[in-house]
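> Generate the whole structure from the sequences, applying the supplied hints.
In order, the protein sequences belong to chains C and L. Residues in the first sequence are numbered from 0 upward in steps of one, following numbering that gives the first Met the number 0. Residues in the second sequence are numbered from 0 upward in steps of one, following numbering that gives the first Met the number 0.
Keep in mind that the hints were calculated from the coordinates and are not lab data. These figures come from a predicted structure and were not determined experimentally. Heads up, a few of these hints could be off.
Stated by the list, open to error - Stretch by stretch, here's where chain C covers chain L in the computed footprint (C-beta under 8 Å, at least three residues):
(1) 9 to 18
(2) 37 to 50
To be verified - Per label pair, the in silico range of CB-to-CB distance:
(3) C:E395 - L:E25: 53 to 63 Å
(4) L:K83 - C:G147: 27 to 37 Å
(5) L:N48 - C:L321: 14 to 24 Å
(6) C:R324 - L:P19: 29 to 39 Å
(7) C:F141 - L:E25: 50 to 60 Å
Beta carbons are placed, not taken as given, at the ideal position from N, Cα and C, and that holds for glycine.
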Amino acid sequence: MKKVLILGAGTAGTMVANRLSHELDPLEWQITIVDQSETHYYQPGFLFIPFGTYGKADVMKPKRDYLPAGIEIIISPIETIEPEKNRVRIKKDNRTLDYDYLIIATGSRTVPEETPGLAEDEWRKSIFDFYTVDGAMALHKFLRTWEGGRMVLNVAEMPIKCPVAPLEFLFLADYFFHQQGIRDRVELTLATPLPAAFTKPKAAGLLGDILDAKNINVVTEFNIERVEPDERAIYSYDERKVDYDLLISVPVNMGSEVIERSGMGDDLMFVPTEKYTLKAQEYDNVFVLGDATDLPSSKAGSVAHFQVDVFIDNFMRYLDGLELRPTFDGHANCYIESGFGKGFLIDFNYDVEPLPGMFPLPGIGPFSLLQESRVNHWGKMMFRWIYWNILLKGKEMPIPAQMSMAGKWE
Amino acid sequence: MTAVADLTVNFDAEGFMTDPNEWTPEIAAVLAQEEGIDELTNDHWTVINFVRDENDKTGQPPTLRAISKRSGVDTKELYALFPKGPAKKVARIAGLGKPKGCI
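Given below as structure tokens:
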């Protein structure tokens, strides 16, 4: 038996397990997946928890319900990867798992401890995060009785998972405080290390205008050095200061500690990966999918989905002794909630930034691109169902893996 | 002081040199002045040499985190030496491309 070992059963790992179990002959191949947790989190849903739209049950399901029958599922922390020896050590029963091919899908996590003052006495009292279920739930509880003041959202460092989420959070906060009748008592500020509201120029211009229209302040090129929790202020390395009453932090994002323990990562514990093929740079039988890569594509579920599509075709070629094709183009496709029941859709890749236009989607769309609409909001709401029922299970999605210029205005 | 006479150097749209091999220490001094740094001190050179070495090794300029972790100059000092966006500024002065990391 030949062995494929998948590390991580999050969005990328689950999708690839489902697709591989269809493609590989079970008489020839054993597929094993290892993850430390029994629970699958729908991470895009965390954004809605602070405002009471979703609860815990909407974003948590048992991982096993989404993994295919006939593969080995091991719930255990991973100790180290030993790529020279084609094996992985796990904690459970001190087992060693060997492989012919390894797929690393260990994701990305927030590390608030990287910023002095952040995760100390005021953590989850006047300082909150929303990239974890617990953080989002704590913030929900806090917001129910908050009477207003200065709310500052700080992005600690790029890259982060879902780079549009901080903007969506602010748009939804604006909407939420309007509904609560206290918008006039809340000052909203985004403090970001980026030179503008977003990473891509055209979208940054448009999103900047929306922030303006919603009366949300933006402090750019703010690289946080420390939080002064008692003073309720954040300081940048160039000694600028932003005062807050309520700090919402998007902490530093890093890859899994397993990657660092195994000496396979960069300074942020992301794995150096070939940009167009998703093969690990250093190893010929290791592939990296989802947030675990060091690629300049967004860390997002849609990207993981397009990666898996491209990977499956390529991997089957590879097994037949053919060369890998450079087919991953960095494609991302994201709904952006803008509050008041509306949303945007952006579609882009490594080379083409988000452009305005219409996104053709047979049977459901078209969705307007880079323009606010109600149908985009419903697209986002519908996406949770699509995620749990179609996407994770590796069923066919009506969106091609590579970006298309159809409907885009240049 | 060295005068830079009639050098032809290629830049991209954002003012980064397109060929690191065209770079000389004299060019660095000129670019530094454009970035508002009047004189390059030994500390500046430690960082410039570090990022050029890293670029040779990895094919891309290092991130701020990488510089502060391994050059011996911490983030706070980096901001003092190359105010506002040290990773970007030092890459430009060192004749390298724009650092990635913006997604």
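> Against this structure, judge whether each hint is valid.
Checked hints:
no. : hint                       : in the structure
1   : 9 to 18                    : violated (count 0)
2   : 37 to 50                   : violated (count 0)
3   : C:E395 - L:E25: 53 to 63 Å : 60 Å, holds
4   : L:K83 - C:G147: 27 to 37 Å : 33 Å, holds
5   : L:N48 - C:L321: 14 to 24 Å : 44 Å, violated
6   : C:R324 - L:P19: 29 to 39 Å : 30 Å, holds
7   : C:F141 - L:E25: 50 to 60 Å : 57 Å, holds
Hints 1, 2, 5 from the earlier list are contradicted by this structure; the remaining hints agree with it.
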